[in-house]
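Input sequences plus hints: build the corresponding full structure.
Protein chains in written order, with numbering that gives the first Met the number 0: chain A, 0 to 337; chain B, 0 to 337; chain C, 0 to 337; chain D, 0 to 337.
Hints were generated in silico from the structure; no laboratory data involved. Heads up, some of the hints might be wrong.
Identical copies go unnamed one by one, so any copy, or any two together, can satisfy a pair.
Below 30 Å or equal to it, Euclidean Cα-Cα: the simulated DSS-like pairs (lysine-lysine) are [what the hints assert, rightly or not]:
(1) 304 - 47
(2) 199 - 144
(3) 77 - 35
(4) 35 - 47
(5) 200 - 6
(6) 324 - 145
(7) 144 - 304
(8) 201 - 144
(9) 6 - 155
(10) 43 - 145
(11) 304 - 67
(12) 118 - 67
(13) 47 - 144
(14) 304 - 201
(15) 35 - 6
(16) 67 - 155
Protein chains: 4
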Amino acid sequence: MIVEMRKDTTQDEIDDVIYRARSLGMDVQLNSGTDKTVVAILGKDTGKLSTDVFAVLPGVESVSRIMKPYKLASREFKMADSIVSVDDIEIGGRRIVVMAGPCAVESEEQLMEATMVVKSAGACIVRGGAFKPRTSPFSFQGLEKKGLELLAESRKRFGAPVITEVVDPHDVDRVAEYVDILQIGARNMQNFSLLTQVGKKKCPAVLKRGLSATITEWLTAADYLLAEGNDKVILCERGIRTFENSVRFSLDISSIPVVKRFSHLPLIVDPSHAAGHYSFVPAIAKAAVAAGADGLLIEVHPNPKEALVDGLQALTPSDFSRLMKELRAIAISVGRYI
Amino acid sequence: MIVEMRKDTTQDEIDDVIYRARSLGMDVQLNSGTDKTVVAILGKDTGKLSTDVFAVLPGVESVSRIMKPYKLASREFKMADSIVSVDDIEIGGRRIVVMAGPCAVESEEQLMEATMVVKSAGACIVRGGAFKPRTSPFSFQGLEKKGLELLAESRKRFGAPVITEVVDPHDVDRVAEYVDILQIGARNMQNFSLLTQVGKKKCPAVLKRGLSATITEWLTAADYLLAEGNDKVILCERGIRTFENSVRFSLDISSIPVVKRFSHLPLIVDPSHAAGHYSFVPAIAKAAVAAGADGLLIEVHPNPKEALVDGLQALTPSDFSRLMKELRAIAISVGRYI
Amino acid sequence: MIVEMRKDTTQDEIDDVIYRARSLGMDVQLNSGTDKTVVAILGKDTGKLSTDVFAVLPGVESVSRIMKPYKLASREFKMADSIVSVDDIEIGGRRIVVMAGPCAVESEEQLMEATMVVKSAGACIVRGGAFKPRTSPFSFQGLEKKGLELLAESRKRFGAPVITEVVDPHDVDRVAEYVDILQIGARNMQNFSLLTQVGKKKCPAVLKRGLSATITEWLTAADYLLAEGNDKVILCERGIRTFENSVRFSLDISSIPVVKRFSHLPLIVDPSHAAGHYSFVPAIAKAAVAAGADGLLIEVHPNPKEALVDGLQALTPSDFSRLMKELRAIAISVGRYI
Amino acid sequence: MIVEMRKDTTQDEIDDVIYRARSLGMDVQLNSGTDKTVVAILGKDTGKLSTDVFAVLPGVESVSRIMKPYKLASREFKMADSIVSVDDIEIGGRRIVVMAGPCAVESEEQLMEATMVVKSAGACIVRGGAFKPRTSPFSFQGLEKKGLELLAESRKRFGAPVITEVVDPHDVDRVAEYVDILQIGARNMQNFSLLTQVGKKKCPAVLKRGLSATITEWLTAADYLLAEGNDKVILCERGIRTFENSVRFSLDISSIPVVKRFSHLPLIVDPSHAAGHYSFVPAIAKAAVAAGADGLLIEVHPNPKEALVDGLQALTPSDFSRLMKELRAIAISVGRYI
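What follows is the structure, given as structure tokens:
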């Protein structure tokens, strides 16, 4: 941590900074320029310190963080790529893992048809929402328990692992009984009670990036899961909020190389929620694979026209099937496979 | 809702749109321009419909919403300003209500001293966090139950109502036993389980704007509370995430006249979390009062240098006292008082 | 254009809207819902009208635009993909056109070596800045005339067309004498004097997206060039400003399918300015090709460590050479070639 | 400047950093933590250095700037508030200076009526655009020379100084003959040719903040004017681009205390372009005065319904007159006057 003192600072003020740093177990090195004094705070755990600890002291102009605030999710903590296994599927390995299915589980017929369709096109994990966080209280909120049962049934019949979102910290145990992967939605990325519970559960978890979270905040949220001992964390980029309004969210394609540089965790991409419109999904999905994503989370509905939630961003079975062919070609061109 | 058809649309596609609209109980009016056909979907409840319902149909180019998606929070639903009463304090009336106190309750001594200080300077409601949602799992997370007890004790001793944040839907009942106003934090603005529980509790609630929520989304989140029968909703603007990095969040000053135009709910402003630095708090607080806010939520700490959380944004007792004097002058200049 | 009237509007106010629309040569259709009246303004040229024309009238609640404000750049105006030819190179065809070279022309030796390197790796157009718009007045501003002469010399020696940025409307003629393609930089996307001059020049022009321009504003800026009769317009996505700070700009990958849907113009991508760091450039470049970009604009420097401008985002010759191999594989996987 | 080395860096790499710093005339201090080495680069002019100079070197993980990149605009360079005088009006003193008038000069009648109206309500400087940068090429672009002549005529008749925008660097001399203050528009904040010319002219200049410029970039752009010897620079906050779409731009109210802390230059606020709608202008204007702005730039039109440009954001004469009364009360409450 770098503490810049004001031009007109006094020796006493500098001493206060040094004293506080030492009392927190940190080392200090003083850099006295011609113009101003800069104090470097050194130590293993400066990432855990708030910059406020020094910024509140008199005579301090600014405090800059050098160490990242996340620790367990960082590549400095663990150099090698992490791989999360679900059954015999490895997420974060050479295979690009496609998870697909409807936004919401609507009925037995809908989910089974969707499962059949996405499995036969090459998806290996099935998605479907039982609890739907909806912007308006007047919208369809999901089948809840019935939805979970249908996901378990789909799993039993077709043998593919299933993923669903959990929204309430007190539901974690219950939901984990029915499904293989718990999803923490973008709006809950900093719902710390929920993170703690999913961390304790130690089951595979997809952590979606908050729609206005920096990558640093996202990886720090991952630390909540890792700190509870859950190392089966999969990150999911799903678009960030910007001023551009032709899509629902702007998929942050550069988050892929950035996360790969700074973290060991596997990273998948959700092109559907970013695009908000089926016609933009294929281009974004292909870009994600080319840029190095470890998987995709795609919405497919047997009949988008009749979808109860987000039909506009769902691919039809035939569009999904065509996209999978294109994705396979790109995967090969980057030395991977689907 | 306005459905724009593609240039080359067919009569069948137009008929499909009309059929779907009528099956949802809506009226339809057709506008056939020289260039393209535009279908207006009319009815009392188009605000509740998702635009996807029409956008998924073939031949549709775009769908624009005319009615706002929120209903109960809107001034079209209720014309007169709402006033929320807490004891004998009216929020939303002529008096500008200042809520102040430390970010986190840290100890009995700290809270009692803070209460004394803010009360004597003119604040009429005391704030203090017992549960602190923190970006990093390694940071101080609040005194929890002990914090609630101290808030209740402060209330008993000093007679001023207290406000604290609730973060878990299952804690709503418990927290409401100790405090007068429940706060829903910015990161939980779309935590719909939490909104529903606080809605059911029917106690005064401050709903902070999500850090990347549009005003429309914020008012739609308020509908979650109102729909459960809780009409004691107070909105709180606390800054939005933008590219500007000299402050933690950019306080959206125009949200004040915008909310006042479109909603009947009272609106307060939190300059402390927006600024992130004590030196910027007074200017923002004064601007908020001049722009028409109904109150302020300000962080004050007896000794910011020793604060466990967010010390940099806390005012000292003497700075707060000076600010209150300045705010009183501005309040009078806009026909109100503190 | 859709004019929503207030709930309590009068017949006179509605008549005023109708009168104004007709006086502007537009058709009008009235949609009288149970709740409020909505007036549809129809006609070929509603895209050219400002929404203010109606929004200022009493009784109007809001005005929504249906037609896009751009015209000549839109696919509704011209259905087929446009191809811009420079010598025998077609931009917008099956070949993915790579333009590469140093950010700034620094010396004869540097430019000739860079040209040799990028040509032999497969780039077919050479980039190099002679006029450098710099954030600070104390930074290197480019070789200006000398830079232009060196670009012309490179062209003569190596036979590859060259592209350079023009920053002053009065320099357009002069710069066009030396180079094949004029670049309008991101900060000048709405420098309308410059757009008009480049439009009049009718030479191939790359129009970079402004760092906070919506796609709609970008295509409307392209209309400035097209309206002057210059149909050799190439769009260039180079990242937008967001809150994310791990990169200089967030490349908007979804702009590729969005532009392809709404415009006939060819579109290239600049991964270097978006990333701001060489290590992120390859992933973004590959993503762009996979998503359907028609070309790339990449910074390559013989010795980035000694670059006078933006050395951190420049690829070394060997990194560029490796990237070109990877790009070729991806191009083939999407049915194109480099 | 703080250079963070990678964990596994070598002594040679550290030496390279030191060597480069010394060769640039900087001092170096080494901070060897238990975990990694951090090199502090010290010296008077580190603000002028690009971080790239060190970031390109092998073994470097990151480079953070401590010194701000702007110099002449900073309060460290000049401690006392700058005051810009136009005739006998001081901008940056105790008086809050209101500049008002129509967006565009449309006719003699319109400008003279507007001038009369704003002067009698208490504005002391008249605004009016002769050259209008417009998003679309099909919109009204201003009266140009005729507009300048009318501004000069207004000045002569009513005695109030006039301000107008200049958009082309080659027009600076010509425009400065007719008006008292040159305005550099938001879209030209980084049009460096224009900045340089206005800098050379040494006449009073309003520098609007770019719609996606950080405060640091804005003050660095001001350095372009100051570096040419023009010290009559007035900054103007006019809203930034964010995701919020209920207004055209989000006025960044915290920019007022931030600029006042870091710069000595006077700062005015344009609430009209930010709001985009007349009904939001008064609240923003009042907030700006309460927060410490030195002046306002407000659009007023004798008849907004007939305005050729941006009529929706223009105040009517009576609305402006009412606002001025309210502003006077607020000015007094913060110890100033209008």
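Hint check results:
no. : hint      : verdict
1   : 304 - 47  : between (49 Å within a copy, 18 Å between copies)
2   : 199 - 144 : both (22 Å within a copy, 22 Å between copies)
3   : 77 - 35   : between (37 Å within a copy, 16 Å between copies)
4   : 35 - 47   : both (27 Å within a copy, 16 Å between copies)
5   : 200 - 6   : neither (52 Å within a copy, 33 Å between copies)
6   : 324 - 145 : neither (34 Å within a copy, 51 Å between copies)
7   : 144 - 304 : within (25 Å within a copy, 50 Å between copies)
8   : 201 - 144 : both (22 Å within a copy, 27 Å between copies)
9   : 6 - 155   : neither (69 Å within a copy, 47 Å between copies)
10  : 43 - 145  : neither (49 Å within a copy, 32 Å between copies)
11  : 304 - 67  : between (46 Å within a copy, 23 Å between copies)
12  : 118 - 67  : neither (40 Å within a copy, 40 Å between copies)
13  : 47 - 144  : between (40 Å within a copy, 25 Å between copies)
14  : 304 - 201 : neither (38 Å within a copy, 38 Å between copies)
15  : 35 - 6    : both (5 Å within a copy, 28 Å between copies)
16  : 67 - 155  : neither (43 Å within a copy, 43 Å between copies)
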